[in-house]
Every structure is written in C-alpha cells, then in structure tokens.
Amino acid sequence: MISKGKYLIWLIFSILLVSNVFVFLHSMKLSDKINHFEKEIKNLHQENLTLENKIYAVDSLQYAASIAAQFDFNQKAQPMYLENLKYARGQ
Amino acid sequence: MTKQRLLLIVFFIFYLLIIIKLFYLQVLNPSSSDTAYLKTNRIYPERGKIFDRNGEPLAVNSPTFLLYIEPKKIGDTFEFVKKIDSILQVGEASLASKIDKTKSWVAIKDGLDTDQQQKLLDLGLKGLGFEDRFKRYYPESSLAAHLLGFVGKNSQGEDLGYFGIEGFYNKDLVGLPGIIKSDRDILGRPILIGTQQKLDPENGRDLYLTIDKSAQEIVKRKLQTGLERYRAKEGCVLLVVPQTMEILALTCLPDFDVDLYHLFSEEFFKNPAISNLYEPGSTFKPFIMAAALEEKSIQPDDFYNEKGQIEIGGYTIKTWNNKYEGKISLTRIIEKSSNVGMVYVGQRLGRQKMYSYLKKYGFGEISGIDLQGEGSGRLKEEFLWYPIDFATVSFGQGIAITPIQMIRAFASLINGGKLLKPFVVKKIISQGREKYIDPKIQRQTISPRSSEIIKKMLLSAVENGEVRWTKPKGYQIAGKTGTAQIPIEGHYDPTKTVASFIGFAPVSQPKFLALVILREPQTSPWGSETAAPLFFEMAKELLVYYNIAPE
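So the sequences go chain by chain: A and B. Take the first sequence: its position 70, counted from the start at 1, is 70 in the numbering used here, and no numbers get skipped. Take any residue in the second sequence, note its place counting from 1, add 1000, and you have its number in the numbering used here.
Since the hints were made in silico from the structure, they are not lab data. Glycine included, every Cβ here is placed at the ideal spot set by N, Cα and C. Hints should not be assumed to be uniformly reliable.
[Stated by the list, open to error] A short list of chain B residues far from chain A (calculated; beta carbon distances all over 12 Å):
| id | residue |
| --- | --- |
| 1 | D1076 |
| 2 | V1241 |
| 3 | I1388 |
[Stated by the list, open to error] Quick list of simulated restraints, FRET-style, between CB atoms:
| id | chain 1 | residue 1 | chain 2 | residue 2 | range |
| --- | --- | --- | --- | --- | --- |
| 4 | A | L44 | B | L1016 | 43 to 53 Å |
| 5 | A | L44 | B | E1092 | 42 to 52 Å |
| 6 | A | I41 | B | K1119 | 33 to 43 Å |
| 7 | A | I41 | B | F1078 | 53 to 63 Å |
| 8 | B | N1464 | A | K54 | 47 to 57 Å |
| 9 | B | L1006 | A | K33 | 42 to 52 Å |
| 10 | B | L1025 | A | I41 | 54 to 64 Å |
| 11 | A | K54 | B | L1025 | 44 to 54 Å |
| 12 | B | L1016 | A | E40 | 44 to 54 Å |
[Unchecked claim] Here are the simulated DMTMM-like cross-link-like pairs (lysine to aspartate or glutamate), alpha carbons at most 25 Å apart as the crow flies:
| id | chain 1 | residue 1 | chain 2 | residue 2 |
| --- | --- | --- | --- | --- |
| 13 | A | K54 | B | D1115 |
| 14 | A | K33 | B | D1200 |
| 15 | A | K42 | B | E1158 |
| 16 | A | K54 | B | D1301 |
| 17 | A | K42 | B | D1115 |
| 18 | A | K42 | B | E1202 |
| 19 | A | K33 | B | E1131 |
| 20 | B | K1135 | A | E38 |
| 21 | A | K54 | B | D1110 |
| 22 | A | K33 | B | D1183 |
| 23 | B | K1119 | A | E47 |
| 24 | A | K39 | B | E1202 |
| 25 | A | K39 | B | D1301 |
| 26 | A | K4 | B | E1070 |
| 27 | A | K54 | B | D1206 |
| 28 | B | K1119 | A | E52 |
| 29 | A | K39 | B | D1115 |
| 30 | B | K1198 | A | E40 |
| 31 | B | K1126 | A | E38 |
| 32 | B | K1198 | A | E47 |
| 33 | A | K33 | B | D1122 |
| 34 | A | K33 | B | E1158 |
| 35 | A | K39 | B | D1200 |
| 36 | A | K29 | B | D1185 |
| 37 | A | K42 | B | D1110 |
| 38 | B | K1135 | A | E40 |
| 39 | A | K54 | B | E1070 |
| 40 | A | K42 | B | D1301 |
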C-alpha cells in the first residue's frame, strides 16, 4: 500500500516536471512568435507608410509638372474656348 | 555528524546565500534588477495627416529613425566612430565628442531613412540602436507653405507645430503617446510570466481643409508669374467662397520651403495674408458706399456734382487723374473710383455711423481664422480721429487692415450682408469619428437689398471702369481695383504702392471671391494695370476648373 502511494507521488511529480518543462518551452516559443510578429507589424506599417507616400508623390501636381517638363509637354492648357465661344456653341 | 545533517547545513548555507542575493537585488540595489528585465518604452503616436477638401494629401508622415548609442557597450571607440561616419558623414570629431562612456544612452542623429538604418545594421556594431520616429512629408512640397506651417522641435526635443495649421491645431495633430512595459529576456523576447503592460498610443487627428489643391496651384502659379511680370516685392492671393467664408486658396510670396524651413529666417514664416497690415485704397470704397446706402444717407439714384478738388482740414483731396466729370451718379463714383465723390458719400453717412460701420465690418478685431499668427489691425479710438481721417478712410487711406479682414468684410457685402468667420479646417477625424465645422455667421453688416445694389455697382465698375481688361467672355465678373500709397516715416511715398484687386464671379451667384495684392510693383503703380489683369487671368482658369457655365 505504501509502495503504491510512493509510486503515485513519483508519478505526479514526474508529470508536473514534464508539464513544467513543456509550459516553459512553449512560452519561449510563444515569446519568439510575439517578438517576430511585433517586428513584422512594425515593418509592415513602415513599408505601408513608405508605399503610401510613393503613391502620394506620383499623384501630386509637383510630379505631374516635373514629368510634363521632362517630356517637354509644357504647353499650358489655356481655356481658349472662353474667348472663342463659337466652338462651345457650335456643338 | 551524519550525512543527513551535513546535507541540511549545505542546503541551509545555499538558502542563506539566495536570501542575501535577493536582499541585495530588491532592497539595496533595486534599479539593477529592474533595468535588466523590465523595459519601459514610449510608443510615439503618428501625427495627424492634413488633406485638402477633396481628400488629397498635403502633409503626411514618413517613417524615420533616431540613431542612439550605448557608450558602455562600445569596445574600440576609434573604429566605431570611423565606421559610423562612413555612412552618416557628420564628421568623426563631432561623433567622437558624443561618446561619453559614463552615459548609458546618447542620441546621435534623428531623421535617418530605412536605407541608412540598414547600412548601419549591416556594420554589426555593438552598442548601436534605433528608435522609430516619424517626420513630415509634403507630397506637394511648398504649395501651401504659409497655410500649413511646419513641424519643428520644442525644448524637450519633441515635435511641435509652428505657424499656420500645424501651429493652430498642434494639440489635435500631435496625439497621445503610448507606453509599453514588458519584461524581456536577454535576447529581447517577452517573458510571458512577467510584467506585460501596453497602453496604445492615440494617433493625432486627421484634418480635412477647405483648401482646394488645384485652385491653390492655379493661384500660386499665377501669383508667381505676376510677381515676375510686374516686378513686385511681395504678393498675396486669397480665394474664398463668399457665402461660407471657406478658404479655397491662400498664398503669399515669397514663402519658405517646408522641408528646409530651418534655412529660412523668421520673417518668411509669417503669413502676410493674416498678419501684415496694409492700406486698402479704393477697394475700401464699396464699404462706405454700402454703409451709406444701408443707412439711407444716400439713395442709389442720387447724383453728385464732381466739380474739382476739395479742401479738408488744410489738406487737398483730388481724383487719381485730377479729372472731374461734373454731375455723376453714385455708380459712376465707384466706376471711376472718385476720391472726392467718396468724401461726399462719407460726409453724408456721418462720422459716428462711419466709425460704427468700420467696427461692424470687423476692422480692428481678429477675424478668428483657424491659423496661427493672426494680427488684429489697428482702428484707433473715435475721439482720436481728425476730420481728414474720416475723409481719407472713405477712399481707403489712413486705415490699416489685414488681407483676411478685407476679404471677410467684402464677402459680407456680396453675400447678403452676413459677416462670417473665415475657416480653413472643415472636418476633423479622430479615431473614426468625424466632426464637421460649419460656417459661422458673426453678425449682419448690411441688408440683402444694399448687398444687391453694391453688387451691381461693382459689376459696373468692371464693365465701365477706366481700364478695359481682357475678361473671360460670357461671364459677369464684378470687382474693384485699389492703389494705396505706402506710409513711410509719417508721409506717403508716391513711388511705392500697394496695388490690389478684389473681385468675384459669377455676379448672380458668386462661386468665388478673390483678393489679389501686389506690394510695390515696378512696372506700374496702379492696381488696375497689375493686380486686376492678374485677377482676370486667375478667374479665367478658375471658371474652367469649377466648370462654371457662361451666363
């Protein structure tokens, strides 16, 4: 009877020890994952901002003006029809 | 001594050592244990973005990094400095002077981009770290420099908005920083059974302006051309919706580069449209005319006998060309911009009423525009006015106002008499919640009837004025020119003028009201030959841009 109780205590202690080691290792893994995803989120956010800014730059009037100058397409779009209303009326 | 007793003593000594160590760590030197595991970091909020009325970005954020070092962890200082300087190019001497081995943290350089950060990381140096930061990015560069202001630093090295919207709305834009308290192991991984607290930052509020980016580009480009063509010293253009006083565009030149603001002196940061005073000249005449009509001191069909120069308080007042037409209508007084005619109208209105109307129009008080740095203008007390002051004010000399006061008061003349508070921000977004800012009527200046009469007079001033401009055909455009001499050391310098034009279109239902001011134009001193043609060039493009059909 005593020996059975002894084995049971040993078994419980062994299970606790193994589960403790498992929990510890699992928490390490989780910590690694948290760390990894934290960095990923930060990098994605920064990348997102950088890409967003690139879109804004391409969409800007400044960029349009520079491209127009680059291609020598700098003839200003004069609203000619205001002085020549016959064109508008003729339609 | 039995084996058991020996084991007990060993265990006892072992426990005693642990207790002593714990006492040292927790009582004698608690900071050493905290700093090793518990990391407390500030999470910087993202500054609110600024968009125009169509959601086009004007000021956004770009990720940057602050490079810091931990001098205690640095081995060979000479090698360390040499390697870092090969990337940063700030000078080895200045870098070396920052490495103080007694300090545990020293900031080296802010504003590094991702490439620079990667290059520094590739060096694999110990004692090097980065903090995430943001810096302002302006997709449209300095398109609206005076309007936006800039983001500098305060005495603690934190971001602070200066001038314009960045200054006025700094508290909304800046947001609230977050804090992260986390137990970390030696590799920087979170210890799950330890302290893990995170207070998220609250990003700054996004602002949507009343400004129209395209209209801003049109007026700025035209103003630049105008300044070069007329060789003027400075210039300003304000474009508003007269019914609401939403600012569609506001530009003054010269301005500053928002990215390189630190290279400019303070005088460039001040927005002349809201802080500089000028004498409005003849653009002021409609105010006195409207007041006299409102008070029924004159009738729209009255006539004035323009005989010649007049004397007031020992001063002679004459017309701009010293020509006199005899019996002329009130509309003709505005058309030919007759100073003597306006003195007559002012006299009919009376001094007290004239002064009270100046107050009513909002001169001498701030307009309340949501931009930092507004000046109030000067309106001296009534008892300090001489008779000549009342006479000159009737044609816009001897009174100093700001351009924003001018356009606000003028908008009330053409919108049925409502004096509104001008505003630049129409929507604020905070964590998904939208707050709209509505136009605010401050008071009634004149009746809708007087407003209609003045509009007709101003239309006639453009159609039958002394100068014929190239106007967009098919449209009714109204306005008034102004030329004011600049007071220098107690007298007026006839060679230096402020030329201006204030006009609106279409007359029946004005879509925009614009004020063009040129300071000291060299090609001609007159507003009719400088500011007015510039206004019509802008109007031509704006009518097309706003898709306004000919009447």
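Verification of the hints:
| no. | hint | result |
| --- | --- | --- |
| 1 | D1076 | holds (29 Å) |
| 2 | V1241 | holds (21 Å) |
| 3 | I1388 | holds (45 Å) |
| 4 | A/L44 <-> B/L1016: 43 to 53 Å | holds (52 Å) |
| 5 | A/L44 <-> B/E1092: 42 to 52 Å | violated (36 Å) |
| 6 | A/I41 <-> B/K1119: 33 to 43 Å | violated (24 Å) |
| 7 | A/I41 <-> B/F1078: 53 to 63 Å | violated (38 Å) |
| 8 | B/N1464 <-> A/K54: 47 to 57 Å | holds (54 Å) |
| 9 | B/L1006 <-> A/K33: 42 to 52 Å | holds (47 Å) |
| 10 | B/L1025 <-> A/I41: 54 to 64 Å | violated (34 Å) |
| 11 | A/K54 <-> B/L1025: 44 to 54 Å | holds (51 Å) |
| 12 | B/L1016 <-> A/E40: 44 to 54 Å | holds (47 Å) |
| 13 | A/K54 <-> B/D1115 | holds (15 Å) |
| 14 | A/K33 <-> B/D1200 | holds (20 Å) |
| 15 | A/K42 <-> B/E1158 | holds (21 Å) |
| 16 | A/K54 <-> B/D1301 | violated (62 Å) |
| 17 | A/K42 <-> B/D1115 | holds (16 Å) |
| 18 | A/K42 <-> B/E1202 | holds (16 Å) |
| 19 | A/K33 <-> B/E1131 | holds (21 Å) |
| 20 | B/K1135 <-> A/E38 | holds (22 Å) |
| 21 | A/K54 <-> B/D1110 | holds (22 Å) |
| 22 | A/K33 <-> B/D1183 | holds (15 Å) |
| 23 | B/K1119 <-> A/E47 | holds (17 Å) |
| 24 | A/K39 <-> B/E1202 | holds (20 Å) |
| 25 | A/K39 <-> B/D1301 | violated (78 Å) |
| 26 | A/K4 <-> B/E1070 | violated (60 Å) |
| 27 | A/K54 <-> B/D1206 | holds (19 Å) |
| 28 | B/K1119 <-> A/E52 | holds (23 Å) |
| 29 | A/K39 <-> B/D1115 | holds (17 Å) |
| 30 | B/K1198 <-> A/E40 | holds (18 Å) |
| 31 | B/K1126 <-> A/E38 | holds (22 Å) |
| 32 | B/K1198 <-> A/E47 | holds (23 Å) |
| 33 | A/K33 <-> B/D1122 | holds (24 Å) |
| 34 | A/K33 <-> B/E1158 | violated (33 Å) |
| 35 | A/K39 <-> B/D1200 | holds (16 Å) |
| 36 | A/K29 <-> B/D1185 | holds (13 Å) |
| 37 | A/K42 <-> B/D1110 | holds (18 Å) |
| 38 | B/K1135 <-> A/E40 | holds (21 Å) |
| 39 | A/K54 <-> B/E1070 | violated (34 Å) |
| 40 | A/K42 <-> B/D1301 | violated (73 Å) |
Hints 5, 6, 7, 10, 16, 25, 26, 34, 39, 40, counting from the list given before, are not met by this structure.
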